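Enquirer: Keeping the supplied structure of chain A fixed, place chain B upon it in accordance with the hints.
There are 2 protein chains.
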Amino acid sequence: MSNKAYFYHAGCPVCVAAEDNVAKAIDRNRYEVEVVHLGDNKARVAEAEAAGVKSVPALVLDGAPFHINFGASLADLK
Amino acid sequence: MSNKAYFYHAGCPVCVAAEDNVAKAIDRNRYEVEVVHLGDNKARVAEAEAAGVKSVPALVLDGAPFHINFGASLADLK
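Sequence order for the protein chains is A and B. Number 9 in the numbering used here belongs to position 6 of the first sequence; there are no gaps in the numbering. Number 67 in the numbering used here belongs to position 64 of the second sequence; there are no gaps in the numbering.
Extracted from the complex, chain A is given alone in its bound form (with noise of 0.2 angstroms):
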C-alpha cells in the first residue's frame, strides 16, 4: 500500500528544481505523491502550514516536513 506524499511549491525557478529532480526521484510503488501549487491554491495554505512547512519547496513524507533549498516563505503566498 502507498502512503501518501505532499510536495508543495510555488512555481518558483527553486521549486520546479526540486520537483524535477527530489518529488520525481520519490519511489512510487511506495508513495503516492500529489504535487499542489500553494500561488494557484492558496486555500491550501493552511494545510501545509499545519504540517510545519514554513516554506516552498516542501515535500511532507508521512506527516513530517522536509524543507528543500528555499524557493519562497509560505508566509509569503498568503
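Bear in mind the hints are in silico, worked out from the structure with no lab data behind them. All clues given are correct.
Identical chains blur together in the list; that is why a pair holds if it fits in one copy or across any two.
30 angstroms max Cα-Cα, derived DSSO-like pairs, lysine-lysine:
hint: 1; residue 1: LYS81; residue 2: LYS45
hint: 2; residue 1: LYS57; residue 2: LYS81
hint: 3; residue 1: LYS45; residue 2: LYS7
hint: 4; residue 1: LYS7; residue 2: LYS81
Since this is a predicted model, take the numbers as computed values, not measurements.
Expert: Same frame as chain A, now just chain B:
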C-alpha cells in the same frame, strides 16, 4: 540504469529524520543512493562542497544539491 545519488549528513537528529524519510523514499530502481557521514568522513567534505552543498542533510541528485531542512553548516564540519 540507475543514476548515482548522494545523501550527505552528519548524524544529527535532523539528518537522521531526513535519511529515514526522504533518502529512503528515493526510488532505488532509478537511483543508487550512497549515504555519506561527513562527520566520520571529513575527507569527503570537499566533494560535497564541490557539488554545491552548503549544509547537511543534503541530497545530490544528478549533480544538483538539494538541502533538506537544516542540521549543520558544512563549514562547521571541517
